[in-house]
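Let the sequences and hints guide you as you build the complete structure.
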Amino acid sequence: MYNKMNNKGFTLVEMLAVIVILGIIASIATVSVISAINTSKLKSEQVFVDKLSNLIDDYLDLNKPIFEEEDSIEFEKCSGYGADDENNDCYTVTAVPGKKVNGTNITLGDIVESGIIKESDLINPKNKEKCLTGNGPEIKVYRDSEYVYYYYVDLTGDNTSCDISKENGIINTFPDNIPDSLKQELEG
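Heads up: the sequence shown begins at 91 in my numbering, then just goes up one per residue.
Any given hint could turn out to be false.
[To be verified] Using 30 Å as the maximum straight-line C-alpha spacing, the simulated DSBU-like pairs for lysine-lysine come out as follows:
1) K154 to K190
2) K189 to K256
3) K189 to K167
4) K216 to K131
5) K230 to K256
6) K208 to K189
7) K218 to K208
8) K230 to K208
9) K273 to K167
10) K154 to K230
Note that these hints are calculated values from the structure, not bench results.
Here it is as structure tokens:
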């Protein structure tokens, strides 16, 4: 008897269609994975910057800076939760800048010298770059009349090499409603 053999297989068009569909799925998955990786790197960088902020707080608590009255600044401080809060009680605060006992500005290197953190721990987790070049960035410290410390540090500047993103690179504990002139002075 005549045996009919089934010689059907996939045609070239069918194979190409499957390859195109798999390529589209792979590209969508790749974009999603890369986006998730970048998001996690930014979050780990933010955790690192928050840790630095806590270290600055610890340094200020342990090594009380000398405060000079002649370069004081004024800004408005509010006790409520924002401009729309009816219990928003605002008042003017005078803050005076702080320096080390020898009169120089406080830097990230001073925190390392104090032993609170090791220089080898100052590595940006996002890109594995060391964050301390020389003494590192200057920490502009102020204390108000209520003995509350405020500070401003730009980790994106020339005195650092850790390449922190702009959205994470500024540590600023001043209230949001400070005047633009004070913002420019801190950033300058």
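So, going through the hints one by one against the coordinates:
1. Distance check on the hinted pair: K154 and K190 sit about 8 Å apart at the alpha-carbon level, within 30 Å; holds.
2. Among the hinted pairs, K189 with K256 is consistent with the structure: their alpha-carbon atoms are about 26 Å apart, no more than 30 Å.
3. In summary, the hint linking K189 to K167 is supported, as the alpha carbons are separated by about 23 Å, within the 30 Å threshold.
4. At most 30 Å may separate the alpha-carbon atoms for a hinted pair to count; K216 and K131 meet this at roughly 5 Å.
5. For a cut-off of 30 Å, the pair hint linking K230 to K256 stands: about 18 Å separates their Cα positions.
6. Distance check on the hinted pair: K208 and K189 sit about 22 Å apart at the alpha-carbon level, within 30 Å; holds.
7. For the given pair, K218 sits about 15 Å from K208 by alpha-carbon distance, which is consistent with the 30 Å threshold.
8. A C-alpha spacing of about 21 Å is found between K230 and K208, which places the hinted pair at or below 30 Å, so the restraint holds.
9. With a C-alpha separation of about 15 Å, the suggested pair K273 and K167 falls inside the 30 Å cut-off, and the hint holds.
10. As the CA atoms of K154 and K230 are separated by approximately 14 Å, the hinted pair is consistent with the 30 Å bound.
Checked against the numbered hints given earlier, the structure satisfies every one of them.
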